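S.K.: Chain B: place on chain A using the hints.
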Amino acid sequence: MFRYALTRFISLALSLVVASLLIFFMLEIVPGDPAAYMLGLNASPETVAALRTELGLDAGPVVRYLGWVSGMLTGDFGTSYTYRTPVAEMILDRIQVSLPLALLALALSTLIALPVGIWAASRRGSLADAGVMGATQLGVAVPNFWFAMLLVLVFAVQLRWFSAGGFPGWDAGLLAGLKALTLPAIALALPQASILARVMRSALLDTLGEDFIRTARAKGLTRGQALRRHAVRNALIPVLTIIGLQFSFLLAGAIIIENVFFLPGLGRLVFQAISQRDLVVVESVVMLLVFAVILVTFLVDLAYAAVDPRLRRPH
Amino acid sequence: MRMLVTGGALAGIFALAALLSFFWTPYDVAVLDIAAKLQPPSAAHWFGTDHFGRDVFSMIMVGARVSIAVALVAVGIGMGLGVPLGLAAAASRGSHLDEIIMRGNDLVFAFPALLIAIMITAVFGPSALNAIIAIGIFNIPVFARLTRGAALSLWTRDFILAARVAGKGRVRISLEHILPNLANLLIVQGTIQFSLGILAEAGLSYVGLGAQPPTPSWGRMLAESQTMISFAPWLALFPGFAIVLTVLGLNLMGDGLRDLLDPRIRRARA
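Residue numbers (my numbering), protein chains in the order written: chain A, 269 to 583; chain B, 255 to 524.
So that you can see chain A by itself, here it is in the shape it has in the complex:
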């Protein structure tokens, strides 16, 4: 197990190094000088040059890359070109929206998908199963931002139960914060729940065909008992992988939903930073999100290996 964890860890570290190189050098070729952009059209070349020196843009790309990486390792993500505030502070500020939103969406999607998937699998071939399959097929096809707009139309514009967008901040109270995140979370959760319900259903159907379920039935368990005590547990392994992947997707993929609801989250921060040529913010946030994705994958792999010893052996 230790050897497996070590090789996975080395692979994680290598992925992070390559990812950081890719992100940094991709942004190197972004057209437009951040210093010139910050100072506007009327700035003299001397002023722009002075600002370039101040921002450390004079140094070569390798020096700046190393500075960026070593800074991140110590929690210093640099200073935003546009807002002149530490990027780490901005990230901390925005993650208070993005993380709860991702968790809320994930919880919603899991709470809907697992029972629905199990229910459909246990009634395979029935009208209920066909209904679930049809509904999930539709759920996968609906773009989440369009669904978000429809939610706004119905629940914010017509019924006035929720606000159409914005975030009051957690200072306004837990309930107010959660209320502002409810519609975005539902919009994010719908397609994820559809995918997850389908995965749950098919994993459960695969497991139900296994010998150990037949043995359990032969020992006198009813179909429902075998399903609950043995099949669901075993079917959860692929489902957990998808949940892990979905979490990283929700954290990074909420960018469009954050735009629909004008939520001050990480995705919206990146989007604004790109249009303002605030590259320090872009590269740090993207790196952080990639780190989150790689870390979640690593943890899922380890959890897998802990549960299933067969996976520890090299292929």
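Note that these hints are calculated values from the structure, not bench results. No false leads were mixed into what you were given.
Here chain B is said to cover these stretches of chain A; the calculated rule only asks that three of the stretch's residues, wherever they fall, bring their Cβ under 8 Å from a Cβ of chain B: (1) 283 to 296; (2) 407 to 421; (3) 532 to 541; (4) 556 to 569.
Note that the structure is predicted; figures quoted are calculated from it, not measured. Note that CB positions come from ideal geometry on N, CA and C, so glycine has one too.
M.R.: Same frame as chain A, but now just chain B:
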């Protein structure tokens, strides 16, 4: 079979609309008619008009062109690069090449796709072409992984052994024996990626990074409708339905094709 027909019909309607839009649309989408702005659906304008008085039905027809073209080329990029990489990885199983290809794949998978697509279009400027590249890049590892996995199991089969005994090299075996046996799998995955491409294109255009005005695109139509949704809901409903029905059609087609082409499923049904 029913899924394949329903899906094919749904996707086919939009493909036809896209083709037809090259020759004919009920109204010219480039002509603004402010006098006819924001009209609800009627006999003259089936899907109503937008804030510039443009016919929404005609815009959806032209928008289908952009969506389908972007998604199709993106799948082409993914297949064109991913399949050879997957074949090479499988043919050289366990080698450094295999390792590099697969780790490269993992890396692309680790990047939050949408975020990077947004970065690419931001770096190179928003355009339909850059949207294609951004979406295409994320299709490469999908096809590479699928191809490698399926090809690996084929490499252990007797007919491949026979081809090796006959003196064929790895490249020839990959092209002449492995690839044709993967065709079904690739067609099914291609359909799924196609539908994901339509969704991704809609998302990118929605945030303004897809096809640029005056070319209509479904995603941008939705973005423009957002502020008018309370008094002109048709502007948000029809482009949305267009996306949902096209994606649904393609997904049903993918499922139907898989059922039709996968002998194991066919046998299980018989």
